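Participant: Sequence:
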Amino acid sequence: MDAPGQASGPPRWREVFGGRLGRLTFGLFLLEVLGAVQILVVTTVMPAVVADLGGINLYGWAFSAASLATVMTIPLAGRATDRLGPVRPLAVMLGVFAVGTLVAGLAPSMPVLIIGRFLQGSGAGAQFAVSIATVAIAYPERLRPRVLALLAAAWVVPGLVGPSIGAALASTVGWRWAFLFLLPVLGLAAALVFPGLSRLPAHRPSGAEAPIRWAIQLGIGAAALLGGVTDARWATLPLVAVGLALVIPALRRLVTGDDAASRRALSWALAAGFLVTFAFFATDGFVPLMLTRVRGLSVFEASLIITLATVAWSAGSWWQSRVAATAAPSRLVGAGGTAIALGTVGVAAGLVHWPLAIPFAAWVVAGVGIGVAYPTVYLVTMDRAGTGTEAGTVALLLVIDTLGTAIGTGLGGSAIAVATARGAGLSAGLAGAFALALLGAVGLVGVAPRLGRAPAAS
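In this note's numbering, the protein residues as written are 12 to 469.
If you're looking for bench data, these hints aren't it; they were derived computationally from the structure.
No experiment lies behind these values; they were computed from the predicted model shown.
Using N, Cα and C, we set each Cβ at its ideal position, and we do this for glycine too.
Heads up, a few of these hints could be off.
Okay, the calculated beta carbon distance ranges per label pair [what the hints assert, rightly or not]: (1) R263 x A368: 24 to 32 Å; (2) R224 x P122: 24 to 32 Å; (3) R461 x P151: 26 to 34 Å.
Let the sequences and hints guide you as you build the complete structure.
Facilitator: Below, the structure written as structure tokens:
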């Protein structure tokens, strides 16, 4: 809790960048830049990858594979950070990320590229888990909104230049270099971030921890479920059944643990974390595909919508950091969900050849919406985490919101695969993906009133 004599209002930036926390803040910022570049470049160049390697029916898996890997590695990183500190877990997983980047960049086929994306997701998920957990462990409550806003701001420069760099590489030296150029960036980020992280101590968690097996079971079950839905035939129904049989109990144990009362205060925040990423990424992953394949834009032209939405996300998070201390989380998340819903409807309008300004402007609105809602959900979760379990609790939310990304992009990809296999065409599949995203956004608005006002830390 902040000292009684502290001034009210947003803290000044020198509190975040000064003193013992300054180097750590800079290191976390660099790691987030790396993650942003990787996600934005891959999203931009995927139409070019499919044009070269084929496999439109596996388009969604290029995103879901990374997210499902993240679901399984986040709890490992969260628990390791609680027990060992952040340096060793981060070093291992950045190595995994480097291997995955190399595999994806040299992939001769879509299945091999998906393996590379799985490895990338394993490393990137652990990196983000360490970063967010470090915010919960190292920074006082009043500084956390500022640090989260800074991490969102780390997407501004990659958002402005990342998609354009990816498009330029794809149209000149080839899409493979959109992966391979990340390796020297990774080396630079690692050299700068580890000194700042090494000062954080390890500590034993004081509360109960969800067994790691449930997160692994969740990832495997979600993969089976999406695999069965993507190849929708009678023969794949057993795969769907197995997926559900694995996912449902794993989710239940992760959310409630052995003590349902200990998780009850977090359950609605976890639901909001799932819905906000499901709603946003079930559209975001397929916007470049719609603009290139349906509206005939070049990869470079389509990359602009990713740039605009990313900058809008950062702007929304920046504004949220200024009002988080006084605005109720329910209002912020509800407003964010409404903006994502409106943005999804506007993007879908691009399928019927309305002016392209409509989907571009609409996805900017959605970017602002997730920028407001996403960090709010994390602040609620941090406030309700027990002392000594901050990393594990935040890692749990990361698992849930990453699952939202995986399921959103996976079901969107399934809609496209089913529509094209049945001869309905790409536009029908994209419409199905956007309809699923809209349902998620409406669900987020419905969940928002349950968040209330996060209790003050004691």
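Participant: Taking the hints in turn, state whether each one holds.
Facilitator: Results for each hint:
1. R263 x A368: 24 to 32 Å: At 45 Å between Cβs, range violated.
2. R224 x P122: 24 to 32 Å: With Cβ atoms ~27 Å apart, the hint holds.
3. R461 x P151: 26 to 34 Å: With Cβ atoms ~27 Å apart, the hint holds.
Violated hint for the displayed structure: number 1, the only one.
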